[in-house]
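*Asks:* Work the whole structure out from these sequences, hints included.
First to last, the sequence lines map onto chains U, L, C and A.
1 is the number of the first residue of the first sequence in the numbering used here; add one for each residue after it.
1 is the number of the first residue of the second sequence in the numbering used here; add one for each residue after it.
1 is the number of the first residue of the third sequence in the numbering used here; add one for each residue after it.
1 is the number of the first residue of the fourth sequence in the numbering used here; add one for each residue after it.
Note that these hints are calculated values from the structure, not bench results.
Hints are not guaranteed to be accurate.
Just so you know, same-sequence chains aren't split out, so a pair can sit in one copy or run between any two.
[As the list claims (entries may be wrong)] In silico DSSO-like cross-links for lysine-lysine, where the CA-CA straight-line distance does not exceed 30 Å:
hint, residue 1, residue 2
1, 222, 384
2, 329, 390
3, 3, 354
4, 329, 250
5, 222, 239
6, 188, 242
7, 3, 250
8, 222, 36
9, 3, 36
10, 250, 239
11, 242, 390
12, 188, 250
There are 4 protein chains.
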Amino acid sequence: MTKYPPMGWNSWDCYGAAVTEDIVRRNADYMAEHLKAYGWEYIVVDIQWYQPTASSHAYEPFADLTMDAHGRLMPAVNRFPSSAGDRGFGPLADYVHSLGLRFGIHIMRGLPRMAAHRHLPIWGSGYTCDTAADPNSICQWNPDMYGLRADRSEAKAYYDSIFALYASWGVDLVKCDDIAREYPRCEKEIELISGAARNCGRDMVLSLSPGPAPLERAEHLKRYADMWRITDDLWDEWKLVKAMFERAEKWCIHSGPGHWPDADMLPIGALRQCCPGKGWTRLTHAEQRTMMTLWCMMRSPLMIGGDLTLNDGFTLELITNPEVLRIEKESWCARPLYTLDEEAVWLAPRMDGKGAYVAAFNLSDFERVIRVDQPGERPFSTAKELWTGKDRDELRAELPAHDAAVWRLQW
Amino acid sequence: MTKYPPMGWNSWDCYGAAVTEDIVRRNADYMAEHLKAYGWEYIVVDIQWYQPTASSHAYEPFADLTMDAHGRLMPAVNRFPSSAGDRGFGPLADYVHSLGLRFGIHIMRGLPRMAAHRHLPIWGSGYTCDTAADPNSICQWNPDMYGLRADRSEAKAYYDSIFALYASWGVDLVKCDDIAREYPRCEKEIELISGAARNCGRDMVLSLSPGPAPLERAEHLKRYADMWRITDDLWDEWKLVKAMFERAEKWCIHSGPGHWPDADMLPIGALRQCCPGKGWTRLTHAEQRTMMTLWCMMRSPLMIGGDLTLNDGFTLELITNPEVLRIEKESWCARPLYTLDEEAVWLAPRMDGKGAYVAAFNLSDFERVIRVDQPGERPFSTAKELWTGKDRDELRAELPAHDAAVWRLQW
Amino acid sequence: MTKYPPMGWNSWDCYGAAVTEDIVRRNADYMAEHLKAYGWEYIVVDIQWYQPTASSHAYEPFADLTMDAHGRLMPAVNRFPSSAGDRGFGPLADYVHSLGLRFGIHIMRGLPRMAAHRHLPIWGSGYTCDTAADPNSICQWNPDMYGLRADRSEAKAYYDSIFALYASWGVDLVKCDDIAREYPRCEKEIELISGAARNCGRDMVLSLSPGPAPLERAEHLKRYADMWRITDDLWDEWKLVKAMFERAEKWCIHSGPGHWPDADMLPIGALRQCCPGKGWTRLTHAEQRTMMTLWCMMRSPLMIGGDLTLNDGFTLELITNPEVLRIEKESWCARPLYTLDEEAVWLAPRMDGKGAYVAAFNLSDFERVIRVDQPGERPFSTAKELWTGKDRDELRAELPAHDAAVWRLQW
Amino acid sequence: MTKYPPMGWNSWDCYGAAVTEDIVRRNADYMAEHLKAYGWEYIVVDIQWYQPTASSHAYEPFADLTMDAHGRLMPAVNRFPSSAGDRGFGPLADYVHSLGLRFGIHIMRGLPRMAAHRHLPIWGSGYTCDTAADPNSICQWNPDMYGLRADRSEAKAYYDSIFALYASWGVDLVKCDDIAREYPRCEKEIELISGAARNCGRDMVLSLSPGPAPLERAEHLKRYADMWRITDDLWDEWKLVKAMFERAEKWCIHSGPGHWPDADMLPIGALRQCCPGKGWTRLTHAEQRTMMTLWCMMRSPLMIGGDLTLNDGFTLELITNPEVLRIEKESWCARPLYTLDEEAVWLAPRMDGKGAYVAAFNLSDFERVIRVDQPGERPFSTAKELWTGKDRDELRAELPAHDAAVWRLQW
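*Replies:* Dropping the structure here:
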């Protein structure tokens, strides 16, 4: 069980469907050197690692995917050379582990369409893939897979077969896609996948995508997954960050050890590196502070989306502020005090009982002074603002547009 | 253009996906001998004629379908022997034509999934099937096809290629499935298919299934199709027949030469002949009269669903009452006078101006007397009830449960 | 029972809530002299005739209304002098009858709010108004009345009491408002009002307003009312006239003797005479022809909204074209052949069986040629266009924007 | 501003619309003697105190209401004798204050219908009631009032006039009805009433009814009211108590000083005393414990619905458990840990930082053992169950159907 929200790096925002082994290794090296000390630990390879021809964020219909004789997708050797000889992600996972980090992969719900059309045998069972696959269960945005007939033991056999493979590789986190917002039709598939992950013989974090997951199924998600997306893809646009406040408010009561509502990756630093002209986050420094502050207050998992090796000084500082990151581990029972169009204030008691965190967000497009009355019906002795590092007598911040302040209160 | 609503036989109700050439020929023979004189003329082979393994009304996921090198489905030779040698339905169509009848086939919207996965070339073009197919456009109830990307010239090329083939076979009617209720997403595909049918060099009736087609798109349907289903599959249950009254009322104003709202096949006589125990229609004689009367009054196409060769005397009489069938050709501007839970009355002027038809339906579960006041603001001189053949002074019928009467009035 | 759609004049469009006896008499005189010969016969006094202070189209909250000791509204004597001495509308009705015309009034569903608050006795019964009134049933747009508790005999007693009064006055038509679109909550009130009208001892036309009445309750309306509004108020704007085509299409099958879907008054000629600056219809001549043609083809009741005495030559001609008006009496089973954004064509067989009417409408904003193929599957011998009076060989019209043509065909 | 959730007694559940001064005084006496020491302080007179004829829970249409010359409702002297001589609730409020308690009254949004029909002058202004009233704004369940036209200064004048009166009487709490769930149409009326309450010169708690108030307007409610109903009327049925868990979950984050989501009165003890046969709560002892526990954990206001003077021993104990009541004052940031069909667990940190509260609810119909893992990621030293008063080593309860346990943890 995840005691704290997972923290790591994911290849999607910077390399889309086109990430390669070399990129993964370089980011792992960087994390080990610069970030591990601050609690960052997961290195996650996102979608299409089994497609030799992937070269961008786009999906290619009817592409030939690398798979084994049992319809299990395998890393494309041209992109992940260490996987040659059917070793899969084993060597890469070993390398990540050797740095003291953990290794994760992305998967799509279901099995490859061609594995069904070819009637491939399911590993470790007498079944074939066509009997597990549902020809009418497809993903709306990715052309590769058929979902499974979750009421059949063939489906369980298939999911067990892939998690057995991932365990043999040393995978620590699986981000399963095309599923978190697919209630009610994928409810049983979630249960099968969760069961396969928990019974595969290796401790794995199960993360469900994409969002928005339905709030009314929160208890199901809490039971069957470690984290799940509460939002569609978050990119580097202020309106998307701002929109997260409403979702954070609805989901905050469901956050706790073993079950973390996930506000999605942090689109910071060097993004879209597989696109012509490449890219850099369009979020301002203020907006990035607001994002980090909200994610920490709501205890969202933190997954960095930018290529770490291209970080600038601001980005590195943003993700290595130890006092801000401490909120994720020290607070509980966070909630908004209020959320207006122009500003919001959040409160989170400290688990040690010695104080609380208060965050103030300027959601308006102009500079704004936000003052918070003594929160929590109890006076504080000291209040330190964590982005500036300054002690304050009162909870009052002059905030540029879209910026945030967060205070650590001591009773 | 169809001057009158098409009349014929279709293999679905009696043989599902499993119809064979022999069955088709025997039914054609029967029609030529017993029904042709009454206006019946179409012999239609329904779904899955390209699947060698089909044996019931069920669909088989990931079945191997017979197709040519261009991804065009071909009759399964084991089921349609005359199609051997790539002759397709040519020989069978020729036979039907030799009887003075017309030949129709069922198709699914789109192209075979495997034609896309195999990247087959589209006949008569430089394209391949994978570029015409939309991997996200599938049928909810049949696992064989991908819909096409109707905005691409590849899609037009594919549809043109199949209608060129059908024209070469001598097909007179194409019933295209998975499309009539798929507005708005299939609107452009309907236009492509309609264009292909009209430009293929052979006069063809285009029939769209399944229903319910959306009433608010009536003008689009009238423009692009000769007939279209206004209902989901009709089977031999009274509640389904009864439910047709509401649909008939909504659609009746849209009926006319070249565009016929279609209330679906007549599930009469010998049905489900590919099932264990075989079957016979569960509709009572009264219910069958009500169905025939309503279909004729609303000028629906008439397609018999039972195996003709197994007709009993009642069934044969039902479909060879010349005066009832004449309503389809002689009336216009039909409408309900009223529709209540327990009874309904319809009126249709005669195009010759010399009278009108009035039909009375007992929709209740008990015997019921229905009396119709002089309809249409004009007295009549004679009124003949067409099922009994008797002249009447007044429009009054003592009807058993679910039965109907229909009078031909003379001013 | 109304054999044909009622035709007449109504005071609303020209005088709103402020009509007076003098105006009514002058319009009746005009009708008798200029219109009666063409079939026009009803003179209808619209809303608020019981409010002494009414002076415009607006309603005045908490106004003092003229009523008798039984909570029955009475004409305001300052506006209708002949009603003095508790004679109500009797003298005015007598005058209208003396001209060979018929007299109608508008009423609101329910009873006056103050009649309930004052606990007035209901005429002819032992009940009081407060027990008949429902304090929660009010009109959304008029402040005067409470609806009745239709399940109580007190409600029946009240409605019977007002229709007894109207019968004693000689009323021929009652337009009941705040009711036709109030299904399901007013369904039982409609039945009570219908019963009161039919049992009051005088033949009365019952007209229900405002629209849109719900299509799915057509049979209820056909049973309990002679005419009912299928639309919200129609004013002199082209977009409102154009929008009627969709409603006419849905309702056309429900038109017939005794039950007429009503497309609302004709806002032509001198409108809004109680407003500063007064007014004249903003519909062009073409638009007025289109309106008249559609109303006649669909057999809507015709109620003129303008002050007749101020008619210009065009208006008088428009409403006295005998061949166009004959459509209302001679056609049946009308329907659109098609309705597109830019044009529509309607067809109506003639009841005499000797031909049909065909109307072509240019709904576009530009001149447009509309050609109709031989309608009805039968050739015609002659075709006379009724607005121009010219015989034609083909159904082809060059129509200015928003104009219409209508042909009378002879087989 | 209310630092803690208000606690008191309300006359509705026991006396409906028929409460009298004598009953109020006796309940106030009881509260002063038995409950005041535990924090109970409000005595609230609920609806219809201005109606001389009220005698049950039902409303009487078109009743004559007691009001002053300015359209302000006054206590019915026959029911509240001390109000004679236009003294209103002043003497009764004085009495309640003399016991060290606070006095509250219920009002309906708007002004009396008859005040509008009579055009009464608004106190302290040149306006009349008819110009403030909206004839179309009525309550769905009570026949007395018209809502106000909140965009007019007449409306503000009226609301100011009634709160000036209430302040002169010494009212401490106003429960305004027909408003909390009437968004968006009553949003501006809420603002006017809130302004009138805050500017009337006396500190008043403003409570809004009935529920459910819309969650999406939480910030508006937090700003303009001290407490508001999150539910329709709660009566003494288990299914209603159980249904509160879902609402409590949604609203819990909005609770805090000055703004309290209100789960409605506690229907305990002697209810429905104005009905034949009188009544006693149908909630079991277990269900009452569950209700008290949830209300305290979510920090709902507590208003007792039963006639206090008829309390039995259980009821008195239930509402005088000091440790349970302390949760209302000592906890913050409460939330469910989970909510399933059969059980729920809630957590609330203590503001003093020295521990937390944990409540376990058996929502099933059978005995059930609930065990809670160490909540809040921190071990506790002691845990006292507050209904039994026993210290526990673990958070484990054997609970009868519908019962609850609640522990006070010490770190």
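*Asks:* Does each hint hold? Answer for all of them.
*Replies:* Going down the list of hints, with the structure as the test:
{"no.": "1", "hint": "222 to 384", "in the structure": "between (34 Å within a copy, 28 Å between copies)"}
{"no.": "2", "hint": "329 to 390", "in the structure": "within (21 Å within a copy, 32 Å between copies)"}
{"no.": "3", "hint": "3 to 354", "in the structure": "both (21 Å within a copy, 22 Å between copies)"}
{"no.": "4", "hint": "329 to 250", "in the structure": "both (21 Å within a copy, 25 Å between copies)"}
{"no.": "5", "hint": "222 to 239", "in the structure": "both (28 Å within a copy, 25 Å between copies)"}
{"no.": "6", "hint": "188 to 242", "in the structure": "between (33 Å within a copy, 27 Å between copies)"}
{"no.": "7", "hint": "3 to 250", "in the structure": "both (22 Å within a copy, 25 Å between copies)"}
{"no.": "8", "hint": "222 to 36", "in the structure": "within (27 Å within a copy, 43 Å between copies)"}
{"no.": "9", "hint": "3 to 36", "in the structure": "within (17 Å within a copy, 45 Å between copies)"}
{"no.": "10", "hint": "250 to 239", "in the structure": "both (18 Å within a copy, 25 Å between copies)"}
{"no.": "11", "hint": "242 to 390", "in the structure": "within (26 Å within a copy, 48 Å between copies)"}
{"no.": "12", "hint": "188 to 250", "in the structure": "both (25 Å within a copy, 26 Å between copies)"}
Against the hints set out earlier in the document, no violation occurs for any number.
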